[in-house]
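Protein chains in written order, with UniProt numbering: chain A, 1 to 720; chain B, 1 to 720.
Each hint should be verified, as a subset may be incorrect.
Which copy is meant is left open, so a pair is good if it fits within one copy or across any two.
Result set (DSSO-like, lysine-lysine): computed pairs, CA atoms no more than 27 Å apart in a straight line [what the hints assert, rightly or not]: (1) K257 to K663; (2) K63 to K26; (3) K45 to K517; (4) K63 to K91; (5) K130 to K107; (6) K713 to K288; (7) K158 to K91.
Bear in mind the hints are in silico, worked out from the structure with no lab data behind them.
Protein chains: 2
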Amino acid sequence: MRYQKKYLFILSVFLLLFSFKTMAQKDYKLWLQYDKKTDAELVSKYLSNVQGIVSLGNAETSKIASNELQLGLQNMLGKKFEIKAKIDLDKTVIIGSKALLSAEIQKEIGNFDQINEEGFIIKTIFLKGKNQIVITGKKEVGVLYGVYNFLRLIQTNKNIKNLNIVDSPKTNIRILNHWDNLDRTVERGYAGFSLWNWQKLPDFIDQRYIDYARANASIGINGTVLTNVNANALILTSQYLEKVEALANVFRPYGIKVYLTARFSAPIEIGGLKTADPKDADVANWWKNKAKEIYKRIPDFGGFLVKANSEGQPGPQNYGRDHVDGANMLADAVAPFGGVIMWRAFVYSEHDANDRAKQAYAEFVTYDGKFKDNVIVQVKNGAIDFQPREPFHPMFGAMPKTPLMMEFQITQEYLGFSTHLVFLPKLFQEVLASDTYQKGKGTTVAKVIDGSLTKTKLTGIAGVSNIGNDLNWTGHPFAQANWYGFGRLAWNPELDSEVIADEWLRCTFSNDENFIKPVAAMMIESREAVVNYMTPLGLHHIMDTGHHYGPGPWVSNLSRPEWNPVYYHKADKNGIGFDRSKTGTNATAQYAPEVAKIFSTLETCPEKDLLWFHHVSWDYKLKNGQTLWNGLALKYQEGVNQVKNMQDVWNKSAKYVDEDRFKEVQMLLEIQYKEAKWWRDACLLYFQQYSGKELPAGVEKPTQTLDYFQSLKFPFAPGN
Amino acid sequence: MRYQKKYLFILSVFLLLFSFKTMAQKDYKLWLQYDKKTDAELVSKYLSNVQGIVSLGNAETSKIASNELQLGLQNMLGKKFEIKAKIDLDKTVIIGSKALLSAEIQKEIGNFDQINEEGFIIKTIFLKGKNQIVITGKKEVGVLYGVYNFLRLIQTNKNIKNLNIVDSPKTNIRILNHWDNLDRTVERGYAGFSLWNWQKLPDFIDQRYIDYARANASIGINGTVLTNVNANALILTSQYLEKVEALANVFRPYGIKVYLTARFSAPIEIGGLKTADPKDADVANWWKNKAKEIYKRIPDFGGFLVKANSEGQPGPQNYGRDHVDGANMLADAVAPFGGVIMWRAFVYSEHDANDRAKQAYAEFVTYDGKFKDNVIVQVKNGAIDFQPREPFHPMFGAMPKTPLMMEFQITQEYLGFSTHLVFLPKLFQEVLASDTYQKGKGTTVAKVIDGSLTKTKLTGIAGVSNIGNDLNWTGHPFAQANWYGFGRLAWNPELDSEVIADEWLRCTFSNDENFIKPVAAMMIESREAVVNYMTPLGLHHIMDTGHHYGPGPWVSNLSRPEWNPVYYHKADKNGIGFDRSKTGTNATAQYAPEVAKIFSTLETCPEKDLLWFHHVSWDYKLKNGQTLWNGLALKYQEGVNQVKNMQDVWNKSAKYVDEDRFKEVQMLLEIQYKEAKWWRDACLLYFQQYSGKELPAGVEKPTQTLDYFQSLKFPFAPGN
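With these hints in hand, go ahead and build the complete structure from the sequences.
Printed below as a string of structure tokens:
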């Protein structure tokens, strides 16, 4: 009886302490919650396969892997796991790279050629009469990835009996692009400010740097560009390189390489030269010396990301040279050290009013085959700029002799900042699964990206980061899923976004099926919702200008025509949409004939892309029999209704989620609902001036006048 | 046996889960850690006095108080405490305001006239044969303050038997000044960016707003100015007032009123008027209507803080009016609603090169008695600008018919940003304890501030906040102590800073005497250390200009003379220092004769203020027999040595502190040590040009040249 009392006392204390307010702690842990499993049967099932940990390596990466394994197993299974160096017990998880495995174990594992340098194998083997789970790879970082994969199995309540998992990342460069400025503002950042505290670096290592690396490693991200593509040359001075070095040292054991943006005019600004002409020997030399200086500090420095001759950034064209000249000059500087140049194709001329969507293709495709081996051209997913929906960029597949990497935007510049719940892997998947037909049916964008189409060695996916110093990293709890999903798709561009949503929800919130099913469905639906209430049927870039917050289809007063929303929607008495078919700018001709054919005619063009490619009469009959005007209005209403539905789903989830995060999402969905209505009302009132038609039945009456919506100003909208 | 095993299992799980990485959680909790007490005897002693909680009130503030009491007791004593509404058990803590207490309890409590509207009484009473602890006040907010005080007794291992504590705040307005801009940058902010996420307000209530209010309430802070004194009129538009209202709603139950900064030219900028002349009827009316609009939203709105005709801010002088005209016009606008105007006296003219230190006094003292009743003049602690050491501002005591409130700077603009450990309550105490002699000996600054000298009803202390969105709120773990200490001194301006250090350490880290003693001593020493390595012997304002980061005694090229460090130190071949005696600017005459006499002569002037008041020959003999040059050099060295000593103390504290915070402080002290040497070397090399003398024995040789130090540039230093 005495023991029972004590037991109850301890238990009650234990439960109490856990029910107290956790002060935003859960948000911070991302998808690495490692919640204790409450299903005793499940726990005993796991424990019947895992009783101990053996870590064979001593490298820093090995220690990270074994500590993570210990942390995850202990937290989830509620049992102490010691990390041992020797295999003596049954049912241990043995972790170590190939070189550390005994010949006997190696034999059990089989052929290591099944995986690449970063891949891993997780296999249950029978060794000296004992069942063991081995997590291995060619390198320690592969082991680390394997450990996260193994833990994810338990996080998501998967079976771990008789494992035989062989997996490798399908791209080489899986990288975040931070558009972070040296003053810690973040261009298009909606989660606070930059993580990089340049003032306190190099001597102060913020715990967040470590936690950032850990989160990235857990999803296979292996690179980070620390600075904004609208670059500042100061990052390349020794005052800053010392700080970059400190970050590189933190990230290295997590398998993450540091990259920087190179301002093309740096030789002038910090080098004291009179020119930055890439054909000038002094300039080329300056960059070579700069590279040497950087690699002396950071031997595994990744390389440079460059935005040149785009939106006012300097570049080779300032000197009558072209992108190839600029990229190859930089490529030569980093080549001796194994560095790469990621050269952005996001260019559009201020002197060509014809069609912005055509310009990157027109300019870059002629360069195919001319770049050095260590140059990869970074192309945005669509030809305009990270819209809620864009057809895939015609450059994909059109440069068979040039490595192209994808640039996705994880931060929601055009998709509701960090207040709208939009599950982006659904968008990413749509792009990656698009068929370019460049080498016949089935040559998807994913196959361009992973190099399987073009046999390029250099492959990669970049994501413009949505990470800031908010307590929860991403501003919106569900925006964490976009970071997570980006990493998973960078690892495997053919992964299904539904699988990603399921995984993320289980790791982040709960394994309860009653929670998972509706909430996963809500996530998947969320992408179409934002398209519907912002830019349905192929509309694009009608956001208010500058900050891109809220609707601004009426804006027409900016100096460059292609900065104005009216340029993109072209609404008039006759109809709405941008004619990119043969009767218009003929941008469709940039796609393979099979694709061009589909996009070019009204009849075959998917309705989701209709107004992207065609100027369509208000009375045009959509497939569902509605006129275009009515269909457009109903799409806006549908978007609003979808958000309402998301609210209903979430409100039923309270019991599966901690109170803090539940309330956060609830408040944010309320804002999203308000803003969805704002978008609907402002856009329909504006377009109604041209259509001259009434709103159809089923569309709610606007609550404010068009004048009101046009009067709204947001001088301090973030990220601008 | 079966129970024992289970008991051990549960216990081991419990311990395990607590030993896992807490991911920066402890930092976030500030001084409200409520760590579980491990001394069983102590716990049982507390439990012999406290067994339950009875909360008599139902107001939101009452709920906050009872939840806090429950949280604190449960966490610290490891026992479940239910909150009951009825007194039935022995040894309960009964909380409720006077009106809620039974006549019987009221009688036991005694005279409520002992406390003011925000005060509290904590008393152990004997009621119906039972011992009870009653926490009460005239209002619920007093009860809340009492609860925090009671919890602090347990946090700091104090006795709670036979309590009889009667306490009231000695000032009315205990307020933080946030110099936060609408774009979330913080002027002089070194802990990240503004907490106020204007973009997501009013609909998204960040948990931090609540935790901020809670932390402030726990130390008695009852007001917050949300916006920068360099103000933006937009905060007064309905678009922003809606957001301010949401914050006010969060803060209200914690006893915290919201205030805003009023940009004097707002009637022009957002009101469409042609003038902001305070004597113009339309202008006065505009402000009256604006006040009405604000109070409709926020009935307990505190009022306005105004920086006028200072450093480029607009003000009444733009229209040929004076500060009284400006302040009184605004005072009339808020008076009907009980609002106050805090009018800053931080003014110095660009047209008067004589002595900046004299100007605020010269301008304001003539206004004595002319301000409306609801105006309080906010005066910085010294006559220049928040230096490591300044003599108290001569305005204190010099305006007997005008309420004056203190403005301290908690953020370390001139004291090492958030990288230097400097315990500011020591500085604050030095100012508050300074004797103004304005009504004879003993009329300290504290007595001016708390109204006991002048019998003014309106009293207050403002602190320029050091809070930002860093995970740990203040950038440096020990900077939390400055926020804490500010609050405690605002409550009681005569509190000893050693008591504050002791309290804060116990609440924040550990009650272990082996930790407390050396670390408290280190904190107390830290203020003199920063004076020594930055500005010893009365030197001031020789920081690099603009950002104020690091030494810049050589700067002499700024447009206004008093913005240049050379203006302040006046080093030349003959000596160094600013002659403010009769032979100089005669600023000493602004003090009461008793004080002036002390400061005016070299012999009586305290050496800590020597170069503030006198231009002193390099060969002048200090009291310790050293020449001024040698003494100055040795003071710089002493500062460096003191930081080294702080490092030694901290390095011995590892076992009392969690690993994260231990390492953080360790890294920061290393930076502080580096920078202390930088200050010493740069200043001594620079001054040596004038003294022409060698460094004395005991002073380390500089590691770099003066040229090197002068070449350092920090274009992105924070807070600028």
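Hints versus structure:
1. K257 to K663: between (37 Å within a copy, 25 Å between copies)
2. K63 to K26: This pair counts as both: shortest intra-copy Cα distance 25 Å, inter-copy 24 Å.
3. K45 to K517: within (24 Å within a copy, 52 Å between copies)
4. K63 to K91: within (20 Å within a copy, 51 Å between copies)
5. K130 to K107: Within one copy, since 16 Å is at most 27 Å while 77 Å is not.
6. K713 to K288: Between copies only: 25 Å across chains, 47 Å inside a chain, cut-off 27 Å.
7. K158 to K91: The answer is within: 17 Å in one copy meets 27 Å, while 51 Å across copies does not.
The structure agrees with every numbered hint stated previously.
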